[in-house]
Amino acid sequence: MQQLPELEVIGSALQDNVRRLFKGSLAIRQIDTGSDNATEQELAALTNAYYDIERFGIHFVPSPRHADMLLVTGPVTRNMAEALKRAYDATPHPKLVVAVGDDAIDGGIYKGSYAVLDGVSQVIPVDYQIAGDPPSPLVIMQSLLAILDGAKKAPKQKGQS
Amino acid sequence: MSYLLWIIQIMFVPLVAPLGVGLINSLKARIQKRRGASLLQPYRNLWKLFYKDEVISRDASFIFRFAPFIAMGVTIIVGACLPIFTSTLSTPMSDLLAVVYTLALGTFFMALAGMDSGSAFGGSGSSREMTISAIVEASFISSILTVAFLSGTTNIAVMSAGLSPGSGNFLIPIVLAFAAFCIVLLAETSRYPFDNPDTHLELTMIHESMLLEFSGKRLALMEWAAANRLLIFSILAVNLFFPIGIAHDQAVLSVLLGISSTLLKVAIVYIVLAVLESTIAKYRFFRLPDLLLVAFVLNVVAIGLVL
Amino acid sequence: MMSALASPTMLIAAMALFGIGGVGAVLLRKSDRLANYWSSAFALFGSVTALVFAVSMLASGQTFVAQTTSDSFPLLSFALNIDRLAAFFLVTISIVTFFCSLYGIGYIKQYYGRYNIGYLGFLYNLFIVAMLLVVTSSNGIFFLIVWEIMSLASYFLVAYDRHDPENVKAGFLYLVMTHIGTAFILLAFILLYVHTGSFDFTVIQAAMPTVPAHIKDSVFLLALIGFGVKAGIIPLHIWLPAAHPAAPSHVSAIMSGVMIKTGIYMMIRLFLDVLQPAPLWWGIVVLVIAVASCVLGVLYALTEHDIKRLLAYHSIENIGIILLGVGSALVFSALGMSGLAVLALTAALFHTLNHAIFKSLLFLSAGSVIHATGTRNMEKYGGLIKLMPATGLFFLVGSIAISALPPLNGFFSEWLTFQALFQGIAQTDFYIKWLFIGVTAALALTSGLAVACFVKAFGVTFLARPRSQRAEKAHEASAVMIAGMAGLAVLCVAVGVGSSWIIAQLQTIAQGVLSAGDHATLVTVTSGHILSIAEGFATVSAPLLSLLLIAVPLVVWTITRFGINRSQRVTTGRTWDGGTDLTSRMEITSTGFARSIILIFRGLLKPSLQHSVEYEDAASRLIPRSRSVTLSVQDVYRRYLYRPVFIGFIHLSHWIKNGIQNGNINAYILYILVVLLVMLGLVGVW
Amino acid sequence: MNQLYPDYLTQIANVTSDGSVHQFVIESAETTKTLRQLLESDDLTFKMIDATHDNHREFRLYYIFTDTKRHTVIVAVLPLLDTIEFATIANVLPAAGRYENKLCEMFGLHVTGRGPSQRMLLHENWPENLHPLRKDVKWDTRPEPAGGNYQFQDVSGEGIYEIPVGPIHAGIIEPGHFRFSVAGEEIVLLEPRLGYAHKGSEKLFEQLPFARQIILSEKIAGDTSFSYSLAYCQAVESLAGVLVTPEHGQARVLFSELERLANHFGDIGGIMLDAGFNFGGAGGARMRETILRLNDKLSGSRLLRGINTFGGVAIRLSRAQITDLRAELPLVEKDFEQVMSIAENTVTLLNRLKGTGVLTLDVAARFGMMGPVGRASGQDVDVRRDFPYAGYGTLPSTLVPVETSGDVYARFRVRVREVGVSFKIIDEVLSSMSSIVPIPSNKTIKLCRNSLGIGCTEGWRGEILCVVHTNAEGVVSRVAVRDPSFVNWQGVSEAAFGGVVPDFPLVNKSFGLSYSGNDT
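Chains as they are written, first to last, in my numbering: chain C, 1 to 161; chain W, 1 to 307; chain S, 1 to 686; chain R, 1 to 520.
These are calculated hints, taken from the structure and not from any lab test. Remember, it's a predicted structure, so these values are computed and weren't measured experimentally. Take these hints with a grain of salt, some might be off.
Distance windows between CB atoms, simulated [unchecked claim]:
no., chain 1, residue 1, chain 2, residue 2, range
1, S, E476, W, D249, 35 to 41 Å
2, R, Q338, W, W6, 49 to 55 Å
3, S, S628, R, A29, 36 to 42 Å
4, W, V275, S, Q505, 31 to 37 Å
5, S, N565, R, F152, 37 to 43 Å
6, S, S608, R, F152, 49 to 55 Å
7, W, V301, S, I12, 57 to 63 Å
8, R, T112, S, F646, 56 to 62 Å
9, R, F152, W, W6, 56 to 62 Å
10, S, T571, W, W6, 36 to 42 Å
Where is the CB? At the ideal position from N, CA and C, for every residue including glycine.
Between the sequences and the hints, there should be enough to build the whole structure, so can you do that?
As structure tokens, this is what we get:
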């Protein structure tokens, strides 16, 4: 299998961060809030044999109850806002929310449209963003690395004083 | 010495079980030409979950809250009753029926917990789990019964001591009962072709759909209990039917040999599982009873041959 | 002291207390409250007295025989024989009636103003007295009289809630079936009388060597059918799932818990005691019937969504399990293996006791649920554990016990039954061995299915969200009702933990029945209450099992709660629903839960599914207006057994005389009597 | 003049022709009769119903057909003057029902002659009386959430319960909701509810500058970016009279087929994965990734975005790139053949696929199912052959795989065979291709006034339609897109009916439909 050398570098740095912040296990719940399915495809590609994100301690989980991180894609359509809120509430602390893709950041090309709410941050608190339309798997991994590098400590429990 | 052995005996299943899951996942990744997660990943997952908060459905009752402790507790109890590395640690708890029904108690509460949150998936997961475990129970009991009659005791911890090592006459019934037990193992531990432990499709899940509502510590316990269950059944499979290497005394050397031979044999079971789960598709739900019928017939023939 | 308690005066006192309760209730019928309190109080006193008497009898090891004959009816004698077996059944009956009477005080209140409470109190006490006499009588004619009183009293109790036509129908079915049973029993006793010259059990037993084999066989079959109807064995069970649900719940509990056991009692009494020695095939027949009853019983239970019918079918299942013990005992004693016979009978007796306890517990808690929701339909329940936590807990205890899960009592009696069967496989020769292999598999299958069924019953009733407005408004049962259930729940735990001691006692009883000495002891209790079968083939320790099952989860809880991440916060939220609203229609239904198992056993259950769709526009069939689906399971017994027989009878009666089927109950009873007379005539010729 | 037209148009007056598009106006009263007449001709295939709204004037409905024999488009225009009512044709043409519903919802029209329908794209949070595609509704209007109610079909009967799935699924899947009514495991009714990915794209087209419209077209269904932008470009090219050179046609064929390959690999792997056959699932994902990387190397975009422009492709392909591609694709093909030979010999897999989720030809024909789904049920349709575009003029009919069993296996097989065809087509294209010089982006493109252009491509899911309308100033006044999923979704319930719940994901995956494309 043809591997990208940079992938290994990013990967092992990512793994260190996952160890540091998430005890070596980062569970991701992906939520599509009206994306065009391009970002989903790229996120799904993270699990294929090329990127194999699992080996860095990162895995996708079926329920928000199991998740440490919500990867939200799409501009958040009117019809998905409520579902997104519920998924956020269903996720136990500590949790990170990452808006993936230009649309998720601020609505992208759909910004202003009657049918969308202009990005994830309009509906739930967003911790980080990953730009791109869609961001490629490698970009997603680089961005995750940058995100985790920036996170000094394990994500704080919001609402806890 | 005996205390030390008991400590090993009790800790073995909960400590080793996550490693087994890691092994299977890693092997499956290799077969898919991936490198996969590290062998220790299941421990990390559990540890992480223990340090997460929990969200519990407001529809759920105390059943949901206590089921994980019962599920975990049951696997620890049963784990301590097994012939893990020696046939000398016997308790009245190691009775065949006590083990089977204690495990069933865990399933009972897990299925109730699946229904408790009122999610449609949890309910259908419970229904599927109970359907399979209801019809597999007869095969579970009778496949071990074959060995019990051969060794003259239903105490699974000491069963292997009763089996004379060179009894070639009993090879056929043992192999038949072992084959039946393998089907039981797959059904009881929610592996292929009964259930797909990796699936992200909520509509096809059996075991996983009962866990969709769990989070944090309780999820960790449920997943840990599932790993324990797999190890328990694997130990039963290798040490009841092929007790090669198992210690019949408490000497250090034989105990070490017992532990390493068990680890080796269980590893083989896990490798076979990984290969199986990579090379076949899951069965249709209503074809599964056929498989269980096969197990049942194998058992009847095996017991018939023993006597 | 002990001998004083074991004296017949105690029994007479118990009877008298029930009598005062019954008659007083009739006199006080003007006041619902007084009638209820009076009759229930005396039923409680009577039960306690009977319990004390029977326990003392067991403890002192005495046997009590009493007989009075009257000259005008030479065949009828008031004959009692209270040996250990009878005393055991007295214990079982009085334990159940005690807690049911306690529960009844609260439960009966719902009938105030609607029905005559005095009448209920009278029937209730009469019913209990008759049951006590049934298991103590030792004369065929006297037995039949009290048997009939028991049947009629229970019939009137079944039809008590007569505003529901279903209950009246169920009562009628029960009446007909029980009299068919009585007819067979009568015939059996007459046959015995013809050949032994007596209706007295001891005389009959003594004369047994002179009775020809084919007469014994005929008596066996007649008694099996006659008592089988009462016990509810398949296929004679059809009245049971109709009648038990119809009665008030505390009466259902007594009917399912103990009344059907009188059939078992008489089978043990006749087959293993009076008619001994018995040929091998009797045992095989009983085993086959037992297998059919337990497997089919639990499968039919799975198809039910009427909570009391579900429990009633489980009674059939458990009667099957008890008969597995009885049948094995018959087989073993025919083979001369008295030790194994004792083991099997001990298992049967233990399961009889356990079933009496947990089944009445389940019926009582089901009664509370029905009381609180006004329906027996489980599809209308849901979430009740939050509204009625005590009832929920008791039903859970009952469910664990009946599912034979450790450490409660049901596990240990099923364990013992399994041991009898295992020994049957190990120690018998080729053909019998295969029989036992099959029977063992059937029992394992049954217990697996029972667990599934009680996950369904408990889950659908008590967990998740209410499925109907009635369930939303459910309320906890009253204090006395809780007390009644709590007592039985405590017994489930206590009998489980103390099972080794109880099994040892029951073994003595079984040895007495089978006239086997101490040398035939297969069950031994070693130090630390370890129960050991056949010199260590199987061992289990109930106290240790109970201790571990309680302690280990607690330790796990303590460690996870306080040992790791103590600062963890637990919040409650909405059930994760994928982002939609969950309604009560989205919880798995009782029917849905069991549907897969039903489909797997479609060969036996013959399930069906019918669609019907109405369209907005019949021509284009584009938009459906309404859809409905009907799921059902065929009643094979009515279809293939009873209906042909019934149709045959109709043809016959048309042939004899047009219009003989006038639908009048009296006329039906008359027919039965006519048939009996004809049969008596035949016996005379024989 | 009528000799120019085929038989079915001879009865009709006022036919105006514009290249390969024939338009005529029909009377409201005559609608059903005229359309029925048209449908009687074997040459015509119903495509879609579209509508426009003029702020000052009226609504117009466009009933669009294609003549596969003559490669022409027939458009019957029904102006609605002072009315919002039009008669249904769904009782004659069931496939029309869904379009009628959508137009009613989005334009506030009212269809007569059949029962009420539920809303598809605008959910209960949207006010009943606000219709986004009307010109007087602003594109950025955001009304307060309305408290409507959506009534799922209720199946009565003791013991029937509902399983709600989504819109957030357990996997990495687009948002959509499935409401199962089940008897235990058996599905007695499946009602999909979509619209969760509705982003108002059609309205947005009217708003965006010309250059960004292509970008938006690529995002209708992100996995089909190239075919969508191609359909859009073709519609505009036909309005502007822009011709595409054969080389650029060939390049478009190349990218179309690469897109098909990548997605078919994904779907074939996905079907195997959903059947629990992990080896095949991993293989599919791996091969998909290989193609995406080739895409990246060729065009700089993994999902082939930003390639199409009016008149051809906007990227450069060097001889070396083409040679590389010709060397690498056979390796992928070999990998594919190896995986498939193992898959086709795995009994447990075939057992899951065969006989599961049958969609009969009858149902497929009734709704006009298309793409691999239609072809697996015996619908012999393929735009590449029936209505050729770009460089597809020479695709022989033998290269359109058709299966008849209509089950999951048939849909699986059609895709597997189509992969083979794609490799062939690519090979053919590459063998005659030397290098591609990009078309400079044309800022001064002029469109016909008051006209409509239609682009039609065979995406990997089936036929993609893009209709572009211009107003009196020659400015794009409305763009309508129709994803094949919009049609094929109607088949999912039919295929799921009577099956068991655990098989549904497999059935759904074998349909492989788009949510975003459907919800536009």
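Checklist line | Violated constraints from the hint list, given by number and in increasing order | finding: The structure breaks hints 1, 4, 6; every other hint is satisfied.
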